[in-house]
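J.: Start from the sequences, fold in the hints, and give me the full structure.
The sequence shown begins at 12 in this note's numbering and counts up by one.
It is worth saying that the hints were derived from the structure and are not from the lab.
Keep in mind it's a predicted model, so treat the numbers as computed, not measured.
Mixed in with the good hints there might be a few duds.
[To be verified] Under the rule of at most 20 angstroms between Cα atoms (straight-line distance), these lysine to aspartate or glutamate pairs were calculated in the EDC-like manner:
hint, residue 1, residue 2
1, 79, 53
2, 79, 62
3, 134, 93
4, 150, 93
5, 150, 82
6, 121, 268
7, 286, 185
8, 310, 53
9, 150, 62
10, 128, 140
11, 54, 76
12, 150, 169
13, 134, 185
14, 310, 290
15, 79, 51
16, 72, 90
17, 200, 185
18, 79, 90
[What the hints assert, rightly or not] Cβ pair distances, simulated, as ranges:
hint, residue 1, residue 2, range
19, 303, 269, 26 to 34 angstroms
20, 103, 200, 50 to 58 angstroms
21, 208, 120, 44 to 52 angstroms
Think of the CB as a built atom: it goes at the ideal place given N, C-alpha and C, for glycine as much as any other residue.
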Amino acid sequence: MLPTLRQLQYLKLLAHHQSFMAASEAAHVSQPALSSGIAELEKILGARLVDRARGKVILTKVGEETLKRAEDILARAEDLVEAAQAANHPLSGRFRLGVIPTVAPYLLPKALVSLRKEFPQLKLFLREDQTARLITALKSGSLDAAIIALPYDLGGLDHAFICRDAILAATPCDHPLARGASISPDDLKSEELILLEDGHCLRDHALGACQWNGGSNVDMTGPQTLAGGFAATSLNTLVQMVGSGLGVSLLPAMAVEAGLAGGSEVSIRPLSSDKAFRDIVVIWRAGSSRAAEARLLAKTLQA
12 MLPTLRQLQY LKLLAHHQSF MAASEAAHVS QPALSSGIAE LEKILGARLV
62 DRARGKVILT KVGEETLKRA EDILARAEDL VEAAQAANHP LSGRFRLGVI
112 PTVAPYLLPK ALVSLRKEFP QLKLFLREDQ TARLITALKS GSLDAAIIAL
162 PYDLGGLDHA FICRDAILAA TPCDHPLARG ASISPDDLKS EELILLEDGH
212 CLRDHALGAC QWNGGSNVDM TGPQTLAGGF AATSLNTLVQ MVGSGLGVSL
262 LPAMAVEAGL AGGSEVSIRP LSSDKAFRDI VVIWRAGSSR AAEARLLAKT
312 LQA
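T.: Have a look at this one:
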């Protein structure tokens with residue numbers, strides 16, 4: 012006998028909720044039915060998958076490995092259904108798209124209007140999160156595609172290009188560096204550099220734009236890394252910190268063009284570096300049946 016998709020869904024929900032009652036509610040079945048499904052799955056596999064401990068459900072080592080494979084199987088099964096439904100109608104029905112926070116507010120407003128006009132049957136579900144978590148969700152089948160910025164490790168994923176986004180220097184309006192037409196990365200080495208907190212890929216892209224990664228002689232653990240040891244949690248907060256004179260920073264051009272620095276005491280200048288950019292792309296699981304739709308999405312977003 013082979014496990015059923017329903018049994019694998021029960022295991023996935025149980026791992027997520029860590030409770031038989033919550034998992035059964037999410038599966039819209041009775042608790043005995045879900046418990047019976049898990050027990051039957053354990054019988055088929057010949058191994059114990061879950062342990063109960065102090066009211067919580069904990070997966071065994073075998074259970075954790077089974078969950079990983081179950082998520083892959085479920086993702087492929089969902090791909091099969093969605094690909095068949097979309098065969099004659101691309102980008103119709105449900106499409107789950109992840110977007111990083113430093114792109115979502117600046118790319119999506121206009122893009123959503125175009126997508127709604129070109130694909131009226133599309134039901135787009137959006138999730139805004141950091142790159143690492145979006146990739147995890149993509150590989151587990153919780154997302155169909157995601158919009159992120161490169162460079163980033165894309166092992167096991169495919170991608171399609173949307174646009175190139177310049178990285179710009181931001182200083183207080185009365186700062187000496189604001190007097191020039193552009194700013195060199197070397198000019199920033201002695202400044203208090205304010206970046207987004209760890210986890211945001213824009214932080215690495217900003218450092219890469221200055222070519223301070225790897226072989227640099229700049230000590231990025233020193234005071235120039237963060238003004239007074241602070242990091243911004245969002246681009247809006249970062250701009251406010253720069254405008255208050257706490258330091259200088261690096262911003263994506265798409266955010267500046269959308270008015271992020273408008274009305275603030277912040278001066279924006281190009282960064283004189285051939286690395287001062289990030290590539291915005293759509294990514295999806297390698298081999299996904301929704302690859303053609305992801306490519307079509309990227310092409311639509313290029314407009």
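J.: Against this structure, judge whether each hint is valid.
T.: Hints, one by one, checked against the model:
1. The straight-line distance between the Cα atoms of residue 79 and residue 53 is roughly 15 angstroms, inside the 20 angstroms bound, and the hint therefore holds.
2. A hinted pair counts as satisfied when its Cα atoms are at most 20 angstroms apart, and residue 79 with residue 62 qualifies at roughly 17 angstroms.
3. Note on residue 134 and residue 93: the hinted pairing holds, with a Cα-Cα distance of about 12 angstroms set against a maximum of 20 angstroms.
4. Restraint check: the Cα-Cα separation between residue 150 and residue 93 comes to about 16 angstroms, which is no more than 20 angstroms; the hinted pair holds.
5. The straight-line distance between the Cα atoms of residue 150 and residue 82 is roughly 9 angstroms, inside the 20 angstroms bound, and the hint therefore holds.
6. Distance check on the hinted pair: residue 121 and residue 268 sit about 13 angstroms apart at the alpha-carbon level, within 20 angstroms; holds.
7. The straight-line distance between the Cα atoms of residue 286 and residue 185 is roughly 27 angstroms, outside the 20 angstroms bound, and the hint therefore fails.
8. In summary, the hint linking residue 310 to residue 53 is not supported, as the alpha carbons are separated by about 45 angstroms, beyond the 20 angstroms threshold.
9. Distance hint between residue 150 and residue 62 is unfulfilled; the C-alpha atoms sit about 26 angstroms from each other, more than 20 angstroms.
10. Taking the CA atoms of residue 128 and residue 140, the gap is about 26 angstroms. The hint is violated against a cut of 20 angstroms.
11. Proximity of residue 54 to residue 76 is assessed by CA-CA distance (about 16 angstroms); at most 20 angstroms being required, the pair is judged to hold.
12. Taking the CA atoms of residue 150 and residue 169, the gap is about 12 angstroms. The hint holds against a cut of 20 angstroms.
13. Distance restraint check for residue 134 and residue 185: the Cα-Cα separation of roughly 47 angstroms exceeds the 20 angstroms cut-off, and the hinted pair is therefore not satisfied.
14. For the given pair, residue 310 sits about 14 angstroms from residue 290 by alpha-carbon distance, which is consistent with the 20 angstroms threshold.
15. Restraint check: the Cα-Cα separation between residue 79 and residue 51 comes to about 19 angstroms, which is no more than 20 angstroms; the hinted pair holds.
16. As the CA atoms of residue 72 and residue 90 are separated by approximately 28 angstroms, the hinted pair breaks the 20 angstroms bound.
17. With a C-alpha separation of about 18 angstroms, the suggested pair residue 200 and residue 185 falls inside the 20 angstroms cut-off, and the hint holds.
18. The straight-line distance between the Cα atoms of residue 79 and residue 90 is roughly 17 angstroms, inside the 20 angstroms bound, and the hint therefore holds.
19. One distance hint, 26 to 34 angstroms for the beta-carbon pair residue 303 and residue 269, holds here, with the actual separation near 30 angstroms.
20. A beta carbon spacing of about 52 angstroms between residue 103 and residue 200 agrees with the range 50 to 58 angstroms that was offered as a hint.
21. Look at residue 208 against residue 120: about 25 angstroms separates their beta carbons, and that is not inside 44 to 52 angstroms.
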